[in-house]
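Chains D and G supply the protein sequences, listed in that same order. Letter 116 of the first sequence, counting from 1, is numbered 230 in my numbering, and no numbers are missing. Letter 202 of the second sequence, counting from 1, is numbered 482 in my numbering, and no numbers are missing.
No lab work stands behind these hints, which were simulated from the structure alone. A portion of the hints provided could be inaccurate.
Heads up, incomplete: computed chain G residues facing chain D, CB under 10 Å, no partners named [said to hold, decoys possible]:
{"#": "1", "residue": "Arg466"}
{"#": "2", "residue": "Pro534"}
{"#": "3", "residue": "Glu536"}
{"#": "4", "residue": "Leu537"}
{"#": "5", "residue": "Arg538"}
{"#": "6", "residue": "Ser541"}
{"#": "7", "residue": "Tyr542"}
{"#": "8", "residue": "Ala543"}
{"#": "9", "residue": "Ala545"}
{"#": "10", "residue": "Pro547"}
{"#": "11", "residue": "Arg550"}
{"#": "12", "residue": "Thr551"}
{"#": "13", "residue": "Val555"}
{"#": "14", "residue": "Pro558"}
{"#": "15", "residue": "Ile561"}
{"#": "16", "residue": "Phe651"}
The C-beta atom is built at its ideal place from N, Cα and C for all residues, glycine as well.
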Amino acid sequence: MAKRIEVKGLDIYYDKFLAVQGVSMTIEPRSVTALIGPSGCGKSTFLRTLNRMHELVPNARVEGKVLMDNEDLYGANVDPVNVRRHIGMVFQRPNPFPTMSIYDNVVAGVRLNSKRMKRADLDALVERSLRSANLWEEVKDRLNRPGSGLSGGQQQRLCIARAIAVQPDVLLMDEPCSALDPISTQAIEDLMLELKEQYTIVIVTHNMQQAARVSDVTGFFNLRAVGEPGGLVEIDETTKIFSTPSNQATEDYISGRFG
Amino acid sequence: MSTPPTNPATGPAESLDTDRLPAHEDPGPQTVTLAAVPLTRGSLPRHAARLVLLGAVGLGAALFAAGLGATWGAVLAAVAYTVVIYLWSRSVEGTRRAFDRFVTAVVSSAFLVALVPLASVVWTVVDRGLARFDTEFFSYSMRGVVGEGGGVNHAIFGTLIITALAALISVPVGMLTAIYLVEYGRGALARAITFFVDVMTGIPSIVAGLFAYALFELFYGPGVRMGFMGSVALSILMIPIVVRSTEEMLKLVPNELREASYALAVPKWRTIVKVVLPTAIAGIATGVTLAIARVIGETAPLLITVGITTSDNFDPFDGRMATLSVFSFSQYATPGIPREAYFDRAWSAALLLILIVMVLNLGARLISRLFAPKTRG
Numbered sequence: 115m116a117k118r119i120e121v122k123g124l125d126i127y128y129d130k131f132l133a134v135q136g137v138s139m140t141i142e143p144r145s146v147t148a149l150i151g152p153s154g155c156g157k158s159t160f161l162r163t164l165n166r167m168h169e170l171v172p173n174a175r176v177e178g179k180v181l182m183d184n185e186d187l188y189g190a191n192v193d194p195v196n197v198r199r200h201i202g203m204v205f206q207r208p209n210p211f212p213t214m215s216i217y218d219n220v221v222a223g224v225r226l227n228s229k230r231m232k233r234a235d236l237d238a239l240v241e242r243s244l245r246s247a248n249l250w251e252e253v254k255d256r257l258n259r260p261g262s263g264l265s266g267g268q269q270q271r272l273c274i275a276r277a278i279a280v281q282p283d284v285l286l287m288d289e290p291c292s293a294l295d296p297i298s299t300q301a302i303e304d305l306m307l308e309l310k311e312q313y314t315i316v317i318v319t320h321n322m323q324q325a326a327r328v329s330d331v332t333g334f335f336n337l338r339a340v341g342e343p344g345g346l347v348e349i350d351e352t353t354k355i356f357s358t359p360s361n362q363a364t365e366d367y368i369s370g371r372f373g
Numbered sequence: 281m282s283t284p285p286t287n288p289a290t291g292p293a294e295s296l297d298t299d300r301l302p303a304h305e306d307p308g309p310q311t312v313t314l315a316a317v318p319l320t321r322g323s324l325p326r327h328a329a330r331l332v333l334l335g336a337v338g339l340g341a342a343l344f345a346a347g348l349g350a351t352w353g354a355v356l357a358a359v360a361y362t363v364v365i366y367l368w369s370r371s372v373e374g375t376r377r378a379f380d381r382f383v384t385a386v387v388s389s390a391f392l393v394a395l396v397p398l399a400s401v402v403w404t405v406v407d408r409g410l411a412r413f414d415t416e417f418f419s420y421s422m423r424g425v426v427g428e429g430g431g432v433n434h435a436i437f438g439t440l441i442i443t444a445l446a447a448l449i450s451v452p453v454g455m456l457t458a459i460y461l462v463e464y465g466r467g468a469l470a471r472a473i474t475f476f477v478d479v480m481t482g483i484p485s486i487v488a489g490l491f492a493y494a495l496f497e498l499f500y501g502p503g504v505r506m507g508f509m510g511s512v513a514l515s516i517l518m519i520p521i522v523v524r525s526t527e528e529m530l531k532l533v534p535n536e537l538r539e540a541s542y543a544l545a546v547p548k549w550r551t552i553v554k555v556v557l558p559t560a561i562a563g564i565a566t567g568v569t570l571a572i573a574r575v576i577g578e579t580a581p582l583l584i585t586v587g588i589t590t591s592d593n594f595d596p597f598d599g600r601m602a603t604l605s606v607f608s609f610s611q612y613a614t615p616g617i618p619r620e621a622y623f624d625r626a627w628s629a630a631l632l633l634i635l636i637v638m639v640l641n642l643g644a645r646l647i648s649r650l651f652a653p654k655t656r657g
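Work out the full structure: start from the sequences and follow the hints.
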């Protein structure tokens, strides 16, 4: 479980447009790494390159290296589907499969990959995943109801349960709380702190207090100017970024004196 | 964990306020006019529209009674209503409300005009078709029938068999084309396919029939007639409808669902089969049913390819078959004696066809309700 990710000189393109330039960072296992920065600076784009979701956009491509435990994710014979088996993702808007029940949503990753499992094993997997996502107590009596009937916060925790049911090594979260109320946000932040015991977590957030609360390391992305590519300005211990950042732009951003 | 040195919520807000405050205080000319607009306005009495409508209808009825004809009576009533309600509303309520009432009147009139042919067709077909809507009509074929009696048993089965075969050809071809266009298609090939599907939508049905006949003539020689040839002709008309409706439904599936599936390391083809299609299946089923309803009443291509017969023939690969639409046409076009018996059968066959299409439409609604993703359990 929990693997280290090293990014070396990553350039991210949409066709000919260079969106993010020259990102290098190391993401430690069993920690939460937060990525902050203004809109459009390439945080989400960068996150999506980590599990090769970026290339689903037509003509999108990257240059540079992303190493997971010294194995290049963009190597010649790497199958992106297998990469995503190791690196799961939770999206900004909760997106449970509308045709499936809560139960089926949790086992979707296993079942859609046509793995055969005994009913008892599946039941155990569902309970374990939902417990890890702090959702079990709320839904255990209605596992056969549609997943889209849950509240927004519950749906998002269902999506987290779905993502960890396939037991990835790394969990990417793209603004997982931006569509949720403070109570659901609290639940998911608590969950992240529990999950980091087992997983490597990378979270993109616009909420700086959230980054300060949950993350061990924070990276600040910025855009030099409109039309210029975005890039990583600095990355450091969260306590250091929020108290004595070494870059003026970082200090301006976190203190709100930005733009 | 540490607290940020400055609270982001307060710092920038103050500086922004001082920057922008003067702009808000600028007493522009709009502010003055806005202040002069009163909050209340006059309004017509509660039943004004109904009363004017009643008056207009009364006027139309009076004109009709005076011998002006129903059409002119209705047209003049509509015009009278529109003019009176507009002028009255304008004098009391102002131009915006008056224009609203004017457009409401025009749209409602257009709707009623569009409804006239539908009501007329339904009324005529039911009125004349009920004469022969009896058990003999459903259980007998026309074998050996001259004059009165006889039925459409052979034509019912012919229509169902030929349409089912057409659906069997069109649904896989159409759905796979739509899946290609939405999920895979890029560049020139996809554009070309979209273009030709558009072109196919506009093919006159007689041309589809001639094409199928020309195709089968190559293999079977001149004068060939068979039910399957009719199915091919119908599927040419049906495929573009299936492609279009399936395409629209697949486009409605949110991209987030596809991404969620990819993020779970599900390959693309399984994502399409297990996530995209189940999400869109209700709409696709409705589209397919409506496409069937669209072609089941086609006459011209079947006249060329399948012809008509008086006996039962349930083998679509051998010889002429009867279909309801062609039956109706031939009964009307080449009546025997007494003519009324043939005309009655033609009307009854038309009524039956309309009923089948109606059942298909109701079926489509039922299907979409049954298959639709459930949000509450």
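Non-conforming hints, listed in increasing numerical order: Hint check: nothing fails, all pass.
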